[in-house]
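Protein sequence lines, in the order shown, are assigned to chains H and V. According to numbering that gives the first Met the number 0, the first sequence is numbered sequentially starting from 0. According to numbering that gives the first Met the number 0, the second sequence is numbered sequentially starting from 0.
Among the clues, some could well be false.
[Claimed, not checked] Subject to a maximum C-alpha distance of 25 Å in a straight line, what follows is the list of computed SDA-like cross-link-like pairs (lysine to any residue): (1) H:K112 / V:Q138; (2) V:K94 / V:K132; (3) V:K107 / H:F195.
These aren't lab readings, by the way, just hints derived from the structure by calculation.
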Amino acid sequence: MTSLLTPPRASDSPDEPTRPPRATRSKLGRWALFFAMIVIAVIMLYPFWVMIVTSLKSEAQFLAGQGFSWLSWKNLSATIPIGQEVLSSTIVCSASILVILLVGLPAGFAFSKLRFRTSTAVFLVIVSAMMVPLQAILMPEFVNVTKLGLTGGYWGAILVYAALGTPFSVFLFTTYFRGVPDELIEAGIVDGLGYFGALWRLVLPIAVPAIATVTVLQFIQIWDDLLVGLLFIQNTSERPITVGLAVLAAGRTTSIPELMAGSLISALPAMLVYLGFQRYLVKGLTMGIDR
Amino acid sequence: MAEITFDAVTKIFGDDVRAVDELSLHVADGEFMVLVGPSGCGKTTALRMLAGLEDITSGSLSIGGAVVNNVLPKDRDVAMVFQNYALYPHMSVEKNIGFALKIRGDSKSEIKRKVEEAAATLHLTDYLERRPKALSGGQRQRVAMGRAIVRSPRAFLMDEPLSNLDAQLRVEMRLEIARIQRILGVATVYVTHDQVEAMTMGDRVAVLRGGRLQQVDTPQDLYDHPINEFVAGFMGSPPMNLVRCHVRPGNDRVEVDFGDQTVELPWHYTSSHELPASGLDVVVGVRPEDVIITDASSPNTIKTRVERREALGAEILVHLTHLDSNADTASSDPGALRDISRRAPLVAKMGPRVHVAVGDVLSVQISPEHAHFFDATTGVTLRRR
């Protein structure tokens, strides 16, 4: 019952519209958010849908706008060595990521857990390398790699990708390891481990989210890259899928379904890797925020 | 098993932060030594130097007679229990406990036997397959203990291992740790800021302040004969009352002026303490349990008013101020004593049945045999040694 002493609230006035209760507002907000997410998902997924549907048509079916055929996939494998190119991309990606992890993990561990005089300065220098765009250092890198005689096969590209990806991995691992209690490492050291032992046996098993994050982000970046592959892998038998697709688009075929099939093959591994590791990715990218 | 010796050990961080200053301390084989002191007193740094986790700036540290200044932590054969337990989160309890043995290269059967033994001692047998995150605080603490005892090390180092536990569990675990230490008979250095833990667990207690060792003694001697005002104020809960007074030996008694009031203490204090016949400004220390309520007609009483009353169940703490007093809370070294000085000059510990209320005027006596005298300038005890 309303007390006589209680002044009427603004919303109680019959002249003004009544405000919906908080629960209803919250529900409306959730529906609006849900709808917005559906729209965004459709916008994001539509190109993939077009790619899949188009790749499953012949040239004639594509122009006619109806029908289904595996022809473009058969033609694609006849036009370019698609299997070899996927294998090349896989080799370059895996080796580059391996080098990035092998350098980034101990470096991140050292910057976060070891005390040495120039630690901060060296860390800042390494991290600042993240801000240098690939195009700015491409020519010097090309000259250096050429001088080393590594422009023919995989090794030149692997070194360049590793050099480009390492600063980010060092940054990420350093941030991650700063969240690992010092006592955990110290307990291992008192138990009889050295620093490498502590890194390998104690830190690595709990660094899976960080490792997954570096792996996924670098995989997507390296797998999708064209420029380094084009410049540093000059043996046609070792070129990656992105270069193969560029060659395809440059004149081997004008068939849109065939190009879509090639694009799908190129995009699929990166998507699968992302989907496989996405639960770690969020954790890896947000680590340190909640501290 | 081994003895531990700190010989003038100093640790300086950076250029001028002296965390531990000329620490000399001997821990006998099998002894339970507690390092106690307020935050920043250097107790954890001393322990970390002993573990090999911090370099030693100067002095020498030996375990079992051998200097270990430059010996790697893994080669010191000491086991450490950390404040937050530092359990390996990706390993089961069984693997956590057996990890050090695995690194040492013990056989699988040997590891299994020792882990099961330790688990039985610590009542962890049912939890061996669990990961640390599936354990309660007390169980984690026991796993940390298990990881230490399974190695049969030469020394146990414990860095505030009970500080993350609730009050009840802390009482249980301190009994448990003391029991295990006595069974194993391994030299133990235990760091805590909790003087109750220090008093109840240690064979001896070393009190540190500002990186310097103040006093090392058995808990009772530390309580009964503090070497300075800091130790007097730090050990005991509630802490010792420290009141600046003027003392005057005379008429076969020692007269102590509490502001305008004078009480007389037995003459023997002049022989047991450095109290010059000409009189001296001192800080008088009285434990709360040695402040006794008495009749106003009794001799040697101080008239006080009850400022605050804290009923703790088994006892009552009564905060008293002098009624007509100019006496002030001890402040021989204002910077040094700020942490132990209190606004109410006297706290008395009384039985739960005593009826006192805020505002009551009480006459209190100081237990004649239990007064402490400290130099008003240096804070050092005036007791002759």
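Here is how each hint holds up against the structure:
| no. | hint | verdict |
| --- | --- | --- |
| 1 | H:K112 / V:Q138 | 28 Å, violated |
| 2 | V:K94 / V:K132 | 14 Å, holds |
| 3 | V:K107 / H:F195 | 24 Å, holds |
In terms of the numbered hints stated before, the structure departs from hint 1 and from no other.
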